[in-house]
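Q: Could you put together the complete structure from these sequences and hints?
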Amino acid sequence: MQPGWNLGNTFDAIPDETAWGNPPTTQAMLHQVRSQGYKSIRIPITWSNHHGPAPDYTIDSAWLNRVRQVVDWSLAEGLYVLINLHHDSWQWINTYPTDSTTVRNRFDALWRQIAVTFRDRSPKLLFESINEPQFAGTSGDDQSDQVLNTLNTEFVRLIRQTGGTNATRVLVLPALYTSSEQARLDALSGTFATLRDPNLAATVHFYGWWPFSVNIAGGTRYDGNVEQDLISGFDRVRNTFVSRGIPVIIGEWALLSYDYTRPGIIERGEFLKFIEAVGYHARTRNLTTMLWDAGSFLDRDQLRWRDQGVFDMMKASWTTRSATASSDQVYLPRSGTIPSKTLTLNLNGTTFQGMRQGATALRQGTDYTVSGTTLTLTSSALTRLAGNRAYGVNATIEALFSQGAPWQISVISSDTPVQSAATGTTSSFAIPTQFRGDQLATMEAKYADGSGAGPADWTTFKEFWSSFQPDYTAGTIILKPEFFAEVNDGRVTLTFHFWSGKQLTYSITKSGTTVTGGAG
0 MQPGWNLGNT FDAIPDETAW GNPPTTQAML HQVRSQGYKS IRIPITWSNH HGPAPDYTID
60 SAWLNRVRQV VDWSLAEGLY VLINLHHDSW QWINTYPTDS TTVRNRFDAL WRQIAVTFRD
120 RSPKLLFESI NEPQFAGTSG DDQSDQVLNT LNTEFVRLIR QTGGTNATRV LVLPALYTSS
180 EQARLDALSG TFATLRDPNL AATVHFYGWW PFSVNIAGGT RYDGNVEQDL ISGFDRVRNT
240 FVSRGIPVII GEWALLSYDY TRPGIIERGE FLKFIEAVGY HARTRNLTTM LWDAGSFLDR
300 DQLRWRDQGV FDMMKASWTT RSATASSDQV YLPRSGTIPS KTLTLNLNGT TFQGMRQGAT
360 ALRQGTDYTV SGTTLTLTSS ALTRLAGNRA YGVNATIEAL FSQGAPWQIS VISSDTPVQS
420 AATGTTSSFA IPTQFRGDQL ATMEAKYADG SGAGPADWTT FKEFWSSFQP DYTAGTIILK
480 PEFFAEVNDG RVTLTFHFWS GKQLTYSITK SGTTVTGGAG
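The opening residue of the sequence shown carries number 0 in numbering that gives the first Met the number 0; numbering runs sequentially from there.
Derived by calculation from the structure, the hints in this document are not laboratory data.
Do not take every clue at face value.
To be verified - Derived DEER-like restraints, expressed as beta-carbon distance ranges:
hint: 1; residue 1: Pro-96; residue 2: Thr-116; range: 28 to 34 Å
hint: 2; residue 1: Asp-98; residue 2: Leu-255; range: 27 to 33 Å
hint: 3; residue 1: Val-417; residue 2: Asn-285; range: 50 to 56 Å
What the hints assert, rightly or not - The calculated lysine-lysine pairs, modelled on PhoX-like cross-linking and capped at a C-alpha distance of 25 Å, are:
hint: 4; residue 1: Lys-340; residue 2: Lys-123
hint: 5; residue 1: Lys-479; residue 2: Lys-501
hint: 6; residue 1: Lys-445; residue 2: Lys-479
hint: 7; residue 1: Lys-38; residue 2: Lys-314
hint: 8; residue 1: Lys-501; residue 2: Lys-340
hint: 9; residue 1: Lys-501; residue 2: Lys-445
Ideal placement from N, C-alpha and C gives every residue a C-beta, glycine not left out.
A: Structure follows, in structure tokens:
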């Protein structure tokens with residue numbers, strides 16, 4: 000099944016397939032996914048709005064037929080297919096602790112109908128009991144684990160009783176919250192031990208170290224915290240399940256805030272490092288990964304990748320390692336002499352082969368030098384690449400290695416950004432900003448005593464996009480109402496960190512719903 004892809008925000012969308020902005024699924028789309036090297040597809044399905052009342056909970060025939068059509072198209076493409084109960088988890092399954100009879104009857108009725116519908120389909124079709132199970136009204140996670148054990152056990156019993164291919168079909172059981180915390184894995188392991196069914200797989204989800212995944216608390220880079228979180232989680236599932244012969248499916252993976260509609264939250268090069276590491280660490284632990292794609296990766300209208308380089312790194316990681324570097328950006332001054340610039344190469348077992356701009360090879364010794372893992376781009380080469388030195392990306396070059404995807408480097412001309420005074424309200428406040436070729440990395444907010452202002456006051460670094468948002472076209476940085484909702488009246492000092500390394504300090508004063516601000 001490795002690698003796998005999620006048809007996200009589609010059949011799991013509420014109330015129907017296209018409600019969350021994706022087009023109807025087509026055979027051409029599924030063929031494209033298969034042609035790109037994917038071997039499996041997870042089709043999340045929310046059933047809540049598509050069945051009748053108790054006691055039968057009869058699934059709408061049109062909905063069931065549409066699900067069956069897409070499942071059959073996927074199987075015809077040669078894909079392994081995984082279907083589930085998706086947002087049902089928080090819509091009604093979560094009330095099991097206080098309404099067990101109703102939830103159990105509904106759960107059983109839906110899975111019985113699904114199982115019978117697909118009873119004779121290929122064994123390449125898998126069933127997943129519940130997406131991201133969670134429960135309200137328990138005394139804590141230990142009791143929630145017990146509830147999940149009850150539902151997972153019932154799920155396996157019910158599917159097996161429907162016979163046909165279902166008697167041996169692979170069934171996928173999640174941990175509580177699909178978490179890879181050891182306590183959650185141990186609880187799920189107990190369920191496997193009790194069931195003693197050889198055709199079961201475990202599933203967890205992986206969205207990375209949270210500060211990096213959403214860009215909060217200064218988590219702008221793929222650093223040791225991100226790497227250790229990845230390795231520890233993957234080691235836990237390998238040691239708990241894979242080492243005992245139980246397959247593990249990472250049923251969803253990405254970063255929570257990676258979204259083409261909200262650019263800048265995750266810096267591209269840092270994301271590429273994450274992609275490369277996920278592929279390597281999953282592959283060496285025999286884990287199956289299923290990319291969560293709600294439209295951010297594959298443009299389903301054009302049937303092409305929104306960022307070909309991102310997909311190239313992902314695809315390379317399925318079979319090998321790729322090299323990366325300390326950055327994929329080189330910032331140059333807009334005027335004056337351009338100095339040489341250095342980057343540190345993360346070779347990941349590869350060897351450096353050379354550099355190019357498009358089809359033109361750059362000259363070692365003249366355009367660049369390499370000493371160990373230090374790549375130096377010469378002043379003369381950067382001066383040539385900068386051209387007329389217009390603000391922004393002037394050129395893109397690539398470092399080539401003995402294997403894997405090339406590493407793209409943007410050559411950027413910029414000056415220190417400039418900000419102006421502003422007046423507004425807590426519901427509408429924007430700081431006039433001349434970005435001058437630079438890009439915003441993060442923002443700090445502090446009271447006079449140095450403590451964090453605004454949401455998540457345990458850190459001075461605020462969450463990108465939720466608290467603030469750059470608008471490069473309008474030339475502003477927007478401070479969100481959600482930010483001001485948790486800011487005290489008085490003065491707050493903001494520090495804007497840019498990817499060039501430059502920082503700007505800006506002060507705002509909040510008085511009721513009125514906000515004023517100025518540089519410095």
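Q: Next step is simple, just say for each hint if it's right about the structure.
A: Verification of the hints:
no.	hint	verdict
1	Pro-96 to Thr-116: 28 to 34 Å	holds (30 Å)
2	Asp-98 to Leu-255: 27 to 33 Å	holds (30 Å)
3	Val-417 to Asn-285: 50 to 56 Å	holds (53 Å)
4	Lys-340 to Lys-123	violated (52 Å)
5	Lys-479 to Lys-501	holds (23 Å)
6	Lys-445 to Lys-479	holds (16 Å)
7	Lys-38 to Lys-314	holds (12 Å)
8	Lys-501 to Lys-340	holds (16 Å)
9	Lys-501 to Lys-445	holds (18 Å)
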